[in-house]
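Novice: These are the residues of each chain, in order.
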Amino acid sequence: MTIFGVALLALCTLIGVFLGDLLGVALGVKANVGGVGLAMILLIAARSWLLARGKLGGGIKLGVEFWSTMYIPIVVAMAAQQNVVAAVRGGPIVLIAATVSLLLCFACVALLGRFGRRAPAADARVRHGGAVIGGDLDDDAPAPAAPPPSVRKA
Amino acid sequence: MLSMIEHVFVEQGLVAAFAVVGALMLVSNFASRHLTAGRVHGSAIAIVLGLALAYVAGLYTGGKKGVADLPGFAGIGLMGGAMLRDFAIVATAFEVDVVEARRAGLLGVLALALGTVIPFIVGALTAVAFGYTDAVSITTIGAGAVTYIVGPVTGAALGADSAVMALSIATGVTKAVMVMVGTPLVAKLIGLDNPRSAMAFGGLMGTVSGVAGGLAATDPKLVPYGALTATFHTGIGCLVGPSLFYLTVRAIVG
Numbered sequence: 001m002t003i004f005g006v007a008l009l010a011l012c013t014l015i016g017v018f019l020g021d022l023l024g025v026a027l028g029v030k031a032n033v034g035g036v037g038l039a040m041i042l043l044i045a046a047r048s049w050l051l052a053r054g055k056l057g058g059g060i061k062l063g064v065e066f067w068s069t070m071y072i073p074i075v076v077a078m079a080a081q082q083n084v085v086a087a088v089r090g091g092p093i094v095l096i097a098a099t100v101s102l103l104l105c106f107a108c109v110a111l112l113g114r115f116g117r118r119a120p121a122a123d124a125r126v127r128h129g130g131a132v133i134g135g136d137l138d139d140d141a142p143a144p145a146a147p148p149p150s151v152r153k154a
Numbered sequence: 155m156l157s158m159i160e161h162v163f164v165e166q167g168l169v170a171a172f173a174v175v176g177a178l179m180l181v182s183n184f185a186s187r188h189l190t191a192g193r194v195h196g197s198a199i200a201i202v203l204g205l206a207l208a209y210v211a212g213l214y215t216g217g218k219k220g221v222a223d224l225p226g227f228a229g230i231g232l233m234g235g236a237m238l239r240d241f242a243i244v245a246t247a248f249e250v251d252v253v254e255a256r257r258a259g260l261l262g263v264l265a266l267a268l269g270t271v272i273p274f275i276v277g278a279l280t281a282v283a284f285g286y287t288d289a290v291s292i293t294t295i296g297a298g299a300v301t302y303i304v305g306p307v308t309g310a311a312l313g314a315d316s317a318v319m320a321l322s323i324a325t326g327v328t329k330a331v332m333v334m335v336g337t338p339l340v341a342k343l344i345g346l347d348n349p350r351s352a353m354a355f356g357g358l359m360g361t362v363s364g365v366a367g368g369l370a371a372t373d374p375k376l377v378p379y380g381a382l383t384a385t386f387h388t389g390i391g392c393l394v395g396p397s398l399f400y401l402t403v404r405a406i407v408g
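Protein chains in written order, with the numbering used here: chain A, 1 to 154; chain B, 155 to 408.
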């Protein structure tokens with residue numbers, strides 16, 4: 001059932017955020033430390049566990065993947081509620097601090113990405129993920145003869 | 155008539171938001187295909203449009219939450235708020251290739267460290283260049299360059315001046331907006347085309363909203379890898395900002 005997928009996602013999110021809060025308290029920080037990241041790791045673990053037992057049914061997948069496909073629209077809604085006026089009016093100090101740190105970090109991405117880089121992985125699983133998050137699961141459906149990439153990988 | 159329509163929008167906030175964002179995506183995909191011949195991602199256009207609308211709405215309402223400050227569009231605030239945003243980000247983890255993610259784990263940690271230290275140093279030096287001399291203000295502005303949450307959390311912990319706090323938040327917001335808009339432009343140049351570099355990117359850029367928007371506009375398949383590291387960024391920043399960074403700055407400026 002689809003709701004099991006949504007509930008699994010909700011459970012992972014709640015536990016992850018709770019653990020992030022605990023970690024924050026333990027470290028004496030007034031913030032959640034990596035709650036969403038921990039939730040992601042939980043979901044990845046839950047997925048492998050279900051897959052290993054052959055219990056990863058279509059309903060569960062649909063429940064979770066629906067929310068991945070909603071990712072970009074949600075990000076657009078997020079963009080529409082940023083305090084852009086404050087960003088534009090920030091003045092030179094804001095502009096300089098933001099731009100320079102951004103450029104340096106972009107340069108670091110280029111540097112770190114080169115580190116131990118292999119041939120670009122044209123991984124079916126990675127590409128399938130891109131199609132789901134990109135919001136067009138149907139367009140992506142490979143030739144019907146081939147099993148879905150995620151199943152094959154496992 | 156118009157007030158009745160507005161009433162429906164207010165009452166059905168989240169549902170209205172789905173319709174509005176759907177329309178925005180439709181327009182953006184159309185523009186992507188016909189005006190740029192597919193060169194610019196539809197989602198990139200949608201995000202820039204969203205930011206532009208937020209700017210116009212912010213000027214009009216004088217509020218801080220862009221379009222969401224208009225009563226008829228309050229649902230956008232729920233749809234794009236932290237709750238559903240984090241929910242959708244976690245969902246993208248379902249598509250992660252575990253082997254790929256684990257392989258880049260150490261790289262992610264290194265990126266997180268650099269992504270916290272470099273913006274802080276840049277922000278702090280900028281503050282000094284603009285005449286700030288006290289350790290609290292310098293640290294708060296430097297922390298704002300890490301993310302717009304680290305800035306105020308650090309400032310509040312240190313008891314910074316409210317004008318400095320505002321500057322710190324503005325620095326973080328500007329950075330987030332620039333990441334959203336700039337990432338698709340530089341992606342090719344910095345080799346941002348595989349899960350590995352996406353994890354480095356997430357750790358270095360930090361700001362979850364910036365990374366979420368920037369990667370969505372560049373290549374959706376990279377989203378979960380970037381988000382995985384980026385979500386640790388704010389917590390780490392809040393940890394070292396008021397402690398390690400403040401003590402270091404105070405030791406230097408006295």
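Derived from the structure by calculation, the hints contain no laboratory data.
Quick reminder that beta carbons are idealized off the backbone N, C-alpha and C, glycines included.
Don't take every hint at face value.
Residues on chain B that point at chain A, a partial pick, calculated with CB under 7 Å [as the list claims (entries may be wrong)]: (1) 201; (2) 204; (3) 221; (4) 238; (5) 242; (6) 243; (7) 261; (8) 271; (9) 306; (10) 325; (11) 344; (12) 367; (13) 393.
Some chain A residues flagged as far from chain B (calculated, every beta-carbon gap over 10 Å) [what the hints assert, rightly or not]: (14) 4; (15) 52; (16) 54; (17) 67; (18) 75.
Chain B residues, not near chain A, derived (Cβ > 12 Å throughout) [claimed, not checked]: (19) 155; (20) 158; (21) 162; (22) 163; (23) 179; (24) 188; (25) 203; (26) 287; (27) 324; (28) 402; (29) 407.
Novice: For residue 162(B), which was marked as not at the interface, is the minimum beta-carbon distance to chain A over 12 Å?
Specialist: Holds, because the least Cβ-Cβ distance between residue 162(B) and chain A comes to about 19 Å, which exceeds 12 Å.
Novice: For the hint on residue 238(B), does the least C-beta distance to chain A fall short of 7 Å?
Specialist: With a minimum Cβ separation of about 6 Å from chain A (threshold 7 Å), the hint on residue 238(B) holds.
Novice: Over 10 Å from every CB of chain B: does residue 52(A) meet that, or does the non-interface label fail?
Specialist: holds, 12 Å
Novice: Take the shortest C-beta to C-beta distance between residue 204(B) and chain A; is it under 7 Å?
Specialist: holds, 3 Å
Novice: Is it correct that the beta-carbon of residue 287(B) has no partner in chain A closer than or equal to 12 Å?
Specialist: holds, 14 Å
Novice: Given residue 201(B) as an interface hint, is its Cβ closer than 7 Å to any Cβ of chain A?
Specialist: holds, 5 Å
Novice: Does the claim that residue 407(B) lies off the interface hold, with its Cβ farther than 12 Å from every Cβ of chain A?
Specialist: Answer for residue 407(B): holds, closest chain A Cβ roughly 17 Å.
Novice: Is it the case that residue 54(A) keeps its Cβ farther than 10 Å from each residue Cβ in chain B?
Specialist: With a cut-off of 10 Å, residue 54(A) remains clear of chain B, as the shortest Cβ separation is near 17 Å.
Novice: So is residue 155(B) really clear of chain A, every C-beta pair being over 12 Å apart?
Specialist: holds, 26 Å
Novice: Please settle this one: residue 163(B) was flagged as non-interface, so is its CB more than 12 Å from every CB on chain A?
Specialist: Non-interface label stands for residue 163(B): nearest chain A Cβ at 15 Å, farther than 12 Å.
Novice: Determine whether the non-interface label on residue 158(B) survives the test: each CB of chain A must be over 12 Å from its CB.
Specialist: holds, 24 Å
Novice: Go through the hint on residue 325(B) and say holds or violated, using the shortest Cβ distance to chain A against 7 Å.
Specialist: Holds, about 5 Å.
Checked against the numbered hints given earlier, this structure breaks hints 8, 9, 17, 18, 23, 25 and 27; the rest are met.
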